[in-house]
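Chemist: Chains W and U, in that order, give the protein sequences.
Residue numbering for the first sequence follows the numbering used here, beginning at 8 and increasing consecutively.
Residue numbering for the second sequence follows the numbering used here, beginning at 12 and increasing consecutively.
Quick caveat, the hints were computed from the structure, so don't treat them as lab data.
You may find that some hints are simply not true.
If the Cβ cut is set under 10 Å, some of the chain W residues that face chain U in the computed set are [stated by the list, open to error]:
#1 Leu52
#2 Pro73
#3 Leu74
#4 Arg80
All residues carry an ideal CB built from backbone N, CA and C; glycine is no exception.
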Amino acid sequence: MQRLTFFAPFLALVLVVPLSACDRGQATIAANGDAHHGAKIIRQLGCGNCHTIPGVADARGNVGPPLTRIADRAFIAGVLPNTPENMRAWIRAPQTIVPGNAMPDMGIDEADARDIAAYLYTLH
Amino acid sequence: MSSRHGPRDSRLFTYVSIGLVAGVAAFVAQQSLAEGTPPPNVQKPLNVPVSPLFPNGGAAPPPPTQVKQYEGNPTYIAAGHAIFDHYNCSGCHFHGAGGMGPAFYNDGHFIYGGRLDQIYASIYQGRPNGMPSWAQIIPQQEIWEIAAYVKALSEPSQQSAAGSPLPLPTPAISGGNVENGAALITKNGCGSCHEIPGIHNATGTVGPPLTHIAGRAVIAGVMPNTPDNMTAWISNPQAIVPGNAMPNLGLKDNDVRDIATYLYTLR
Numbered sequence: 008m009q010r011l012t013f014f015a016p017f018l019a020l021v022l023v024v025p026l027s028a029c030d031r032g033q034a035t036i037a038a039n040g041d042a043h044h045g046a047k048i049i050r051q052l053g054c055g056n057c058h059t060i061p062g063v064a065d066a067r068g069n070v071g072p073p074l075t076r077i078a079d080r081a082f083i084a085g086v087l088p089n090t091p092e093n094m095r096a097w098i099r100a101p102q103t104i105v106p107g108n109a110m111p112d113m114g115i116d117e118a119d120a121r122d123i124a125a126y127l128y129t130l131h
Numbered sequence: 012m013s014s015r016h017g018p019r020d021s022r023l024f025t026y027v028s029i030g031l032v033a034g035v036a037a038f039v040a041q042q043s044l045a046e047g048t049p050p051p052n053v054q055k056p057l058n059v060p061v062s063p064l065f066p067n068g069g070a071a072p073p074p075p076t077q078v079k080q081y082e083g084n085p086t087y088i089a090a091g092h093a094i095f096d097h098y099n100c101s102g103c104h105f106h107g108a109g110g111m112g113p114a115f116y117n118d119g120h121f122i123y124g125g126r127l128d129q130i131y132a133s134i135y136q137g138r139p140n141g142m143p144s145w146a147q148i149i150p151q152q153e154i155w156e157i158a159a160y161v162k163a164l165s166e167p168s169q170q171s172a173a174g175s176p177l178p179l180p181t182p183a184i185s186g187g188n189v190e191n192g193a194a195l196i197t198k199n200g201c202g203s204c205h206e207i208p209g210i211h212n213a214t215g216t217v218g219p220p221l222t223h224i225a226g227r228a229v230i231a232g233v234m235p236n237t238p239d240n241m242t243a244w245i246s247n248p249q250a251i252v253p254g255n256a257m258p259n260l261g262l263k264d265n266d267v268r269d270i271a272t273y274l275y276t277l278r
């Protein structure tokens, strides 16, 4: 019991420190990934056919919502907190997350999703 | 119980157990609520064969009556052309010439079948490698019209009929007041979550921007943008996408109508 009392403050510190990661600033930290390559993939896949995306040529779609300031947005697709992990998950498999929604599953692999997300997280 | 476990331990145990049970119960309730609610606008898909093969040498079912009704009909073709443009199908199928998606100038050779009901099924169900399923977004009649247009593109004799689209009516709500709509948007704090042109301090980044919302094809990712769907969404977003981040504000029907009227000025 005395040993527990001694270690309690260190234990508390270990448990509390990770909580500091739970602020929205995490979303503005770019996901690991190549944003340049991400912009290229975005253009190739035709994301701009449905979305207006700053910095991507001809990305002026108005089928889905604009991706302006997507890096600062609190939610992805209205249902996911905006984190790099959730962003990649949404990009890879939107039909799994909101079945029947208008965004198709495009068969994007993890590396490309990371690069796409890296580009999107430059959009403040 | 051994005397090593004091009263504080058993209280902690009680609180944690209550929390766990409540959490699990809430999760299960939310899951069953989500599963029990059928998605809007989805009717049973047609049984459309995509190949001439049929088990046991049997015959394919006769094509549905819509094939005769919609095929080659200039009004439906023109309407389909307008809807094709509205959903930006040209984004992948550039005005029928293809691109990311296949071309429709194909002499009737479609990957998943060129009969009208097969084209309908491809649009309704979606197809691998990026063709979305439009079942929940586009009403069935409009999918038939798009199919009629697409099929007209594929037949050289009908390509001239596929010329000019009928103009789609711009969404409008009768009887709504634009100024009151703007005032209600301000009063209800919509701008704290959404960027909304023309509304003071409406720069929120919780939800998507409402720039050009009048021309947007899809509302909330799940409904075609029509006045009825817009008012339904504003009135009760939780009924349409349970658990999504937009709250029910308990607005009266007249107020919803005025808000939608304002939004439809945002072209």
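Chemist: With reference to the structure, classify each hint as holding or not holding.
Modeler: Hint check:
Hint on Leu52 of chain W holds. Least Cβ distance to chain U is approximately 8 Å, under the 10 Å limit. A distance limit of 10 Å between C-beta atoms decides the matter here; for Pro73 of chain W the minimum to chain U is near 5 Å, and the interface restraint holds. Satisfaction of the interface hint for Leu74 of chain W is found here, the shortest Cβ-Cβ separation to chain U being roughly 9 Å, below the 10 Å cut-off. For Arg80 of chain W, the suggested interface contact is upheld, since its CB lies about 5 Å from the closest CB of chain U, less than 10 Å.
In summary, the structure agrees with every hint in the numbered list given earlier.
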